[in-house]
Amino acid sequence: MDRFVIVGAGLSGLSLAKFLNGVLIEKGRVGGFFLSDEYPVRGVRGSRLVEEFMGASVVRGAAFETSEDGVYVLSEEGSKFVKGFVIGANGFREKTAIELGIFGFRPSGIFPLYSAWELVNRGYGIGERVVIYGLNHYSLSLASKLRASVTFLRGSGSLVHEEGEAMDMGFDVMDAKIKWAEGRARLECLRTDKGELRADSLILAELSPWNPLNLKYRVGNSAMIFEDPSKIVEGAKILSESLLSGGKCVDVISDVPCFPERVSSEVGRVIVGVREGTKLRIGGREIVAEEPYPVVELPGGDRVRLEVVGCTE
1 MDRFVIVGAG LSGLSLAKFL NGVLIEKGRV GGFFLSDEYP VRGVRGSRLV
51 EEFMGASVVR GAAFETSEDG VYVLSEEGSK FVKGFVIGAN GFREKTAIEL
101 GIFGFRPSGI FPLYSAWELV NRGYGIGERV VIYGLNHYSL SLASKLRASV
151 TFLRGSGSLV HEEGEAMDMG FDVMDAKIKW AEGRARLECL RTDKGELRAD
201 SLILAELSPW NPLNLKYRVG NSAMIFEDPS KIVEGAKILS ESLLSGGKCV
251 DVISDVPCFP ERVSSEVGRV IVGVREGTKL RIGGREIVAE EPYPVVELPG
301 GDRVRLEVVG CTE
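Numbering-wise (the numbering used here), the sequence shown opens with residue 1 and increments by one.
Derived from the structure by calculation, the hints contain no laboratory data.
Glycine included, C-beta positions come from ideal geometry on N, C-alpha and C.
Mixed in with the good hints there might be a few duds.
Result set (EDC-like, lysine to aspartate or glutamate): computed pairs, CA atoms no more than 16 Å apart in a straight line [stated by the list, open to error]: (1) K177 to E99; (2) K279 to E290; (3) K279 to E266; (4) K145 to D168; (5) K27 to E99; (6) K27 to E68; (7) K179 to D168; (8) K216 to E68; (9) K216 to D168; (10) K80 to E65; (11) K18 to E290; (12) K216 to E65; (13) K83 to E68; (14) K237 to E276; (15) K83 to E99; (16) K18 to E51; (17) K145 to E118; (18) K27 to D69.
Computed Cβ-Cβ distance ranges for the label pairs, DEER-style [stated by the list, open to error]: (19) P212 to R29: 17 to 23 Å; (20) N211 to D69: 16 to 22 Å; (21) S265 to R29: 34 to 40 Å; (22) R184 to G43: 42 to 48 Å; (23) G157 to G195: 18 to 24 Å; (24) M167 to D193: 19 to 25 Å.
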């Protein structure tokens, strides 16, 4: 097999490059979100893992097109072709205001999560009354760096953090949906289905996997939203073993996020995006998730069905 080329040098790309001895394509900061992430998940800080996996070869530039043999990259020196087996590690994208059903004015003060993250880590303030739409590891890590009044709107919620963590840090948590944003030059008010919120900043933190190059093989948040950095590394290891081991492919048909959705029978395990205590049925066998993002062993066969059947809580 040709060398492996990984598009994106965040934690998933860095760890996969190490496992596969691959080359990275990156236009921004190597390390991505987790480079500056000091908020722990089960005692592990993403920044420490990034340090551990630094050192892979990096081609600087933006990947803009792929072919069967590699990827085209635009850099300061112009465009060039990087030959190899291409895997996407682009990370997540934030759902837009329209996707979230937020209408009204479009004043300043409305930020996608990563834009707010970059500003805060460069020492800028983003507001005094901040509303964050989506409670998850990424938004909680951001909130821990703010010197402002913060209100979380739960959104789809977190698999690894309890709401009590946010409240213990002095943040409010609400189960509400934003319907309308108001403000002329700057955001002033958010109308929700539970009433009005005064705010001068709104951070959009409901996340989706991102695959801008439409790649068949992806890792990390490009494939499934992972809140736990150690599970991002574990997912990269599973994919690397699957690509290197050969064997027939097993397709996982699932009604919940899982990674990878196709895995070598020689590896035979996937990570499932559910919380602790979730009851799963895998090919007729039932198990209970003992941790968030459990690693599940697959039974034999070309196709395995995985489904949620309940919760112990």
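Here is how each hint holds up against the structure:
1. Straight-line distance between C-alpha atoms of K177 and E99 comes to about 12 Å, which keeps the hinted pair within the 16 Å bound.
2. A threshold of 16 Å between alpha carbons decides the hint, and for K279 with E290 the separation of about 10 Å falls inside it, so the pair holds.
3. With a CA separation close to 25 Å, the supplied pair K279 and E266 exceeds the 16 Å bound.
4. Between K145 and D168 the alpha-carbon distance is near 15 Å, which keeps this suggested pair within the 16 Å criterion.
5. Between the alpha carbons of K27 and E99 the distance comes to roughly 27 Å, so the proposed pair goes past 16 Å and is violated.
6. Taking the CA atoms of K27 and E68, the gap is about 22 Å. The hint is violated against a cut of 16 Å.
7. Proposed proximity of K179 and D168 is contradicted: the alpha carbons are some 28 Å apart, above 16 Å.
8. Between the alpha carbons of K216 and E68 the distance comes to roughly 11 Å, so the proposed pair stays at or under 16 Å and holds.
9. Between K216 and D168, the direct Cα distance comes to roughly 42 Å. Violation of the 16 Å bound is thereby established for this hinted pair.
10. With a C-alpha separation of about 11 Å, the suggested pairing of K80 with E65 holds against the 16 Å cut-off.
11. Note on K18 and E290: the hinted pairing is violated, with a Cα-Cα distance of about 29 Å set against a maximum of 16 Å.
12. Of the pairs offered as hints, the one joining K216 and E65 holds, with about 13 Å between alpha carbons and a cut-off of 16 Å not exceeded.
13. A C-alpha spacing of about 9 Å is found between K83 and E68, which places the hinted pair at or below 16 Å, so the restraint holds.
14. For the hint linking K237 to E276, the alpha-carbon distance of about 22 Å lies beyond 16 Å, and the restraint is violated.
15. For a cut-off of 16 Å, the pair hint linking K83 to E99 is broken: about 36 Å separates their Cα positions.
16. Distance restraint check for K18 and E51: the Cα-Cα separation of roughly 12 Å lies within the 16 Å cut-off, and the hinted pair is therefore satisfied.
17. With a C-alpha separation of about 12 Å, the suggested pairing of K145 with E118 holds against the 16 Å cut-off.
18. Under the criterion of a C-alpha separation no larger than 16 Å, the hint pairing K27 with D69 is inconsistent with the structure, at around 21 Å.
19. P212 and R29 have their C-beta atoms about 18 Å apart, which keeps the hinted 17 to 23 Å range intact.
20. Distance hint check for N211 and D69: the Cβ-Cβ separation is about 19 Å, which falls inside the suggested range of 16 to 22 Å.
21. A hinted range of 34 to 40 Å holds for the C-beta pair S265 and R29, which are about 38 Å apart.
22. With their beta carbons about 46 Å apart, R184 and G43 fall inside the hinted range of 42 to 48 Å.
23. Hint check: G157 to G195, Cβ distance near 21 Å, so the stated range 18 to 24 Å holds.
24. Between M167 and D193 the beta carbon distance is about 21 Å. The supplied range of 19 to 25 Å therefore holds.
The structure fails to meet hints 3, 5, 6, 7, 9, 11, 14, 15 and 18 from the earlier list, while all remaining hints are met.
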